[in-house]
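Colleague: Spelled out, the chains give:
Number of protein chains: 2
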Amino acid sequence: MPELPDKRTAFMDWYLAVVESAGVTDKRYPVKGMNVWTPYGFRARRNLDAVMVREIEATGSQAVEFPTLIPSTEFAKEKEHIKGFDAEVYWVTRGGLSELDIPLVLRPTSETAMYPIFAIWVRSHRDLPLNVYQIVNTFRYETKTTRPFLRVREIHFFEEHTCQANEAHATDRVRSNLAAFERMAAAFALPYLPVRRPEWDKFPGAFYTVALDAPLGEARVLQLGSIHHYRENFSRPYEIRYEAADGSQQFVHQTTFGLSERLLGAILAVHGDAKGAVFPTAIAPHQVVVIPIPGSDVGDAPLRAAEEIAARLARHGVRVHLDGGDERPGAKYYRWEQAGVPLRLEVGRREAESRSATTVNRLGQKGRVAFDRLEHEVGERLAEFDRALAERARAEFVASFSVARSLEELAGSTTVRVVAWCGGEECGHRIETAVDGSLLGTPEAALPIDPGAPGPCVGCGSAADVRWALAGRPL
Amino acid sequence: MPELPDKRTAFMDWYLAVVESAGVTDKRYPVKGMNVWTPYGFRARRNLDAVMVREIEATGSQAVEFPTLIPSTEFAKEKEHIKGFDAEVYWVTRGGLSELDIPLVLRPTSETAMYPIFAIWVRSHRDLPLNVYQIVNTFRYETKTTRPFLRVREIHFFEEHTCQANEAHATDRVRSNLAAFERMAAAFALPYLPVRRPEWDKFPGAFYTVALDAPLGEARVLQLGSIHHYRENFSRPYEIRYEAADGSQQFVHQTTFGLSERLLGAILAVHGDAKGAVFPTAIAPHQVVVIPIPGSDVGDAPLRAAEEIAARLARHGVRVHLDGGDERPGAKYYRWEQAGVPLRLEVGRREAESRSATTVNRLGQKGRVAFDRLEHEVGERLAEFDRALAERARAEFVASFSVARSLEELAGSTTVRVVAWCGGEECGHRIETAVDGSLLGTPEAALPIDPGAPGPCVGCGSAADVRWALAGRPL
Numbered sequence: 000m001p002e003l004p005d006k007r008t009a010f011m012d013w014y015l016a017v018v019e020s021a022g023v024t025d026k027r028y029p030v031k032g033m034n035v036w037t038p039y040g041f042r043a044r045r046n047l048d049a050v051m052v053r054e055i056e057a058t059g060s061q062a063v064e065f066p067t068l069i070p071s072t073e074f075a076k077e078k079e080h081i082k083g084f085d086a087e088v089y090w091v092t093r094g095g096l097s098e099l100d101i102p103l104v105l106r107p108t109s110e111t112a113m114y115p116i117f118a119i120w121v122r123s124h125r126d127l128p129l130n131v132y133q134i135v136n137t138f139r140y141e142t143k144t145t146r147p148f149l150r151v152r153e154i155h156f157f158e159e160h161t162c163q164a165n166e167a168h169a170t171d172r173v174r175s176n177l178a179a180f181e182r183m184a185a186a187f188a189l190p191y192l193p194v195r196r197p198e199w200d201k202f203p204g205a206f207y208t209v210a211l212d213a214p215l216g217e218a219r220v221l222q223l224g225s226i227h228h229y230r231e232n233f234s235r236p237y238e239i240r241y242e243a244a245d246g247s248q249q250f251v252h253q254t255t256f257g258l259s260e261r262l263l264g265a266i267l268a269v270h271g272d273a274k275g276a277v278f279p280t281a282i283a284p285h286q287v288v289v290i291p292i293p294g295s296d297v298g299d300a301p302l303r304a305a306e307e308i309a310a311r312l313a314r315h316g317v318r319v320h321l322d323g324g325d326e327r328p329g330a331k332y333y334r335w336e337q338a339g340v341p342l343r344l345e346v347g348r349r350e351a352e353s354r355s356a357t358t359v360n361r362l363g364q365k366g367r368v369a370f371d372r373l374e375h376e377v378g379e380r381l382a383e384f385d386r387a388l389a390e391r392a393r394a395e396f397v398a399s400f401s402v403a404r405s406l407e408e409l410a411g412s413t414t415v416r417v418v419a420w421c422g423g424e425e426c427g428h429r430i431e432t433a434v435d436g437s438l439l440g441t442p443e444a445a446l447p448i449d450p451g452a453p454g455p456c457v458g459c460g461s462a463a464d465v466r467w468a469l470a471g472r473p474l
Numbered sequence: 000m001p002e003l004p005d006k007r008t009a010f011m012d013w014y015l016a017v018v019e020s021a022g023v024t025d026k027r028y029p030v031k032g033m034n035v036w037t038p039y040g041f042r043a044r045r046n047l048d049a050v051m052v053r054e055i056e057a058t059g060s061q062a063v064e065f066p067t068l069i070p071s072t073e074f075a076k077e078k079e080h081i082k083g084f085d086a087e088v089y090w091v092t093r094g095g096l097s098e099l100d101i102p103l104v105l106r107p108t109s110e111t112a113m114y115p116i117f118a119i120w121v122r123s124h125r126d127l128p129l130n131v132y133q134i135v136n137t138f139r140y141e142t143k144t145t146r147p148f149l150r151v152r153e154i155h156f157f158e159e160h161t162c163q164a165n166e167a168h169a170t171d172r173v174r175s176n177l178a179a180f181e182r183m184a185a186a187f188a189l190p191y192l193p194v195r196r197p198e199w200d201k202f203p204g205a206f207y208t209v210a211l212d213a214p215l216g217e218a219r220v221l222q223l224g225s226i227h228h229y230r231e232n233f234s235r236p237y238e239i240r241y242e243a244a245d246g247s248q249q250f251v252h253q254t255t256f257g258l259s260e261r262l263l264g265a266i267l268a269v270h271g272d273a274k275g276a277v278f279p280t281a282i283a284p285h286q287v288v289v290i291p292i293p294g295s296d297v298g299d300a301p302l303r304a305a306e307e308i309a310a311r312l313a314r315h316g317v318r319v320h321l322d323g324g325d326e327r328p329g330a331k332y333y334r335w336e337q338a339g340v341p342l343r344l345e346v347g348r349r350e351a352e353s354r355s356a357t358t359v360n361r362l363g364q365k366g367r368v369a370f371d372r373l374e375h376e377v378g379e380r381l382a383e384f385d386r387a388l389a390e391r392a393r394a395e396f397v398a399s400f401s402v403a404r405s406l407e408e409l410a411g412s413t414t415v416r417v418v419a420w421c422g423g424e425e426c427g428h429r430i431e432t433a434v435d436g437s438l439l440g441t442p443e444a445a446l447p448i449d450p451g452a453p454g455p456c457v458g459c460g461s462a463a464d465v466r467w468a469l470a471g472r473p474l
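For the record, the sequence lines run as chains A and B.
Residue 0 is where the first sequence starts when you use numbering that gives the first Met the number 0, and the numbers rise one by one after that.
Residue 0 is where the second sequence starts when you use numbering that gives the first Met the number 0, and the numbers rise one by one after that.
Only chain A is shown next, with the shape it has when bound in the complex (with noise of 0.2 Å):
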């Protein structure tokens, strides 16, 4: 059986053999970058999705949704926002056998698509704040190479978008978002940090931008997604007003939130390694496995044990899989492997005999489960391997920083940089340089590196308020 690229030095090319080995997509279509979501890889979207959906819900807000295609003349209306993406935009400008009067752009996001909207919904204080999210597909006409999930041209997207009366109450909802997005990212076992990405770098039309940064070996940052306060950037060209309680009429200030697919890829990313694909139990389309053991002298005895398991876990609500296909054991933990089921339970003869099964995680973990225990049992086993996945990519995540105390010490950085900056952009184009990659900002949370107080700033060696900022290189 072929084994993958090495991870540490050829990580694209391991990246893209686990994708393939996993199961989850088809890359096969005939439109590059626009993929085909299979059976296996849409139950991970879907467990995905209801992660995201239980912990935006949490906050309040409502699920809406928006139409795919915007009006030219609505997509031009906030300049900063066309002026970032009118080169990206996929447009339809025939319906049928006519030229559309007004070409249709297929939503890169949905600002322009919802504004207007708000602008009607909104009417006074009452009606805040408004808390509202989609989870749709989105397009981007990509240039650069397409990547399974982490970069494509039809994009599995959640948006949230929010108005607020006033930028206090925005500055909550961004908090609130950190906090909502901490919880996803721990059921996704994903270590990450919120940084403040530089003035420009920021979205189109934002104030300011948190991303949400993983880091993914060597120097290599992936955006996991984004959190926006766009002050009253939008709310002043779509005329989103409300009547305060005084009377008088103010601009929202709005929030947005996006997250995609791309989740999906870090998933694969971070938790992969030389086998193939590692899920964590709330994201794996199969959390459990159980395979029976065939013998020549014991009858069908393993596969009615193994029917009895897959039941009673079923029964009890985990995703179980009974593989009962006639392919040799071995053959189907190598492909159960490589496709990161969670937790793999074997049953031979003696597991029939003795009513226990073997346990084998995907960490390698071995155990055993009493049948008359099974349920509390199997959910103990699949906790251990939650927590000892989630040790496994802290200490990764750890041990992906590094103090850069110059510019020279930027060259080459196999890890991201941690460094004094003053907060020029001048500056900051010079550790970028330095870095060949990006400055990406500083960081909204503890760094996971101790390095103590910034000295001067590594660009020109002022000491005025520096900050430590992360450098690296974007995925």
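Don't read these hints as lab results, they were simulated from the structure.
Any given hint could turn out to be false.
Copies of the same chain are indistinguishable here, so a pair counts whether it falls within one copy or spans any two.
[To be verified] With a straight-line Cα cutoff of 25 Å, these simulated SDA-like cross-link-like pairs (lysine to any residue) come out:
| # | residue 1 | residue 2 |
| --- | --- | --- |
| 1 | Lys-143 | Leu-99 |
| 2 | Lys-26 | Ser-71 |
| 3 | Lys-26 | Ala-75 |
| 4 | Lys-365 | Ile-101 |
| 5 | Lys-143 | Gly-329 |
| 6 | Lys-31 | Glu-390 |
| 7 | Lys-31 | Val-135 |
Following the hints, position chain B against chain A.
Modeller: Structure of chain B alone, referenced to chain A:
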């Protein structure tokens, strides 16, 4: 408060007013026929989707998702199909600032997106049956007048596509789909009749089409969805072949099953009445609304009792909404009746003291529930409501059909007509002219009225091969 138009005499005006007052959609989006799913409407849709997912997955179908955009080259492969659609699709011709080499079609349905990939997925008889479905949005450049949920340009769509080993297996799949839809329709409390469409009205490319038809008063008929047997009509152009057990190469036989947001339109149209929408509990965004009735002498006892009720019902899995706003109770009753909530609980001073609540269901039936048996009794009231709703719909369904013994009797029909038909196309068109509508086809289940044995064909008078057929005016 404004009265709704009369459902019987001004059906479409009434329907549009019900959609509006229920708050399920916003039609003010600046593209005709593309509407916004409001938070309330989206919840109804989510419940609808959950029923579809539950019932189709019970038959072994798996969720997938194929891209939204289809290259024109693939789209053109199946001649009958493209002939049926090429005047009704949206074309993406531009990506960013450049013309696309190969224009892309926004899927009107996904045969031409899926089948090139099915040709890769299906290799051997072991890969069959392949039963997959997706719930996605589809697009039609609709030139007729658009109506929320009933005829729109962006359609929330359910489509199952299957590959079977032979024609008989495909026929079995059609039957399995019919059984699944019967379970769905029970949850929606929607009476309908499966009707095999005449040759000239089948789906482009189909061998035959069974439509799921619901009468909507007068002679109007709404097609809720359809199930198609494709035989080898698509597998040949797309080369979806498998190696049979005997080593021979065979083309698969295919079926599809399509449903859409039109089901929500049907629920609104069939169950709605002079007060507005009426949702069956399986679909209702709120199944129960709890309304505290303040009084000058009771303090906050009603509100606190209402909060207790809402919290307990929510814990019990009931979709409950506490309306604690400061409008007067009558205004709240009115609004939630318009919105179609199945059951209202009123909690005033008397109720707080006696620890019981007054119940009024959306059909006007009143009762009481004791706090100490709250969960159980609310469950009973909801079940009663669903039964009464289904009975009302069933009675209207039965009254929607009548027999026509001659072409003359078809003129000015105020019901769906049951007519004797020889099966000939010429006679079919005579019937269509007489009814000023369509020959819907031949029922695939027992008629709701018993017309006895068919007499001679109303078109030609022939007594050979005569069967009952349905004629009416498709909405």
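Colleague: Each of the hints needs a verdict: does it hold here or not?
Modeller: Each hint tested on the structure:
1. Lys-143 / Leu-99: This pair counts as between: shortest inter-copy Cα distance 16 Å, intra-copy 29 Å.
2. Lys-26 / Ser-71: between (31 Å within a copy, 19 Å between copies)
3. Lys-26 / Ala-75: Cα proximity of Lys-26 and Ala-75: across copies only (21 Å, versus 33 Å in one copy).
4. Lys-365 / Ile-101: neither (63 Å within a copy, 53 Å between copies)
5. Lys-143 / Gly-329: Neither: 40 Å inside a chain and 60 Å across chains, both beyond 25 Å.
6. Lys-31 / Glu-390: neither (37 Å within a copy, 53 Å between copies)
7. Lys-31 / Val-135: both (20 Å within a copy, 20 Å between copies)
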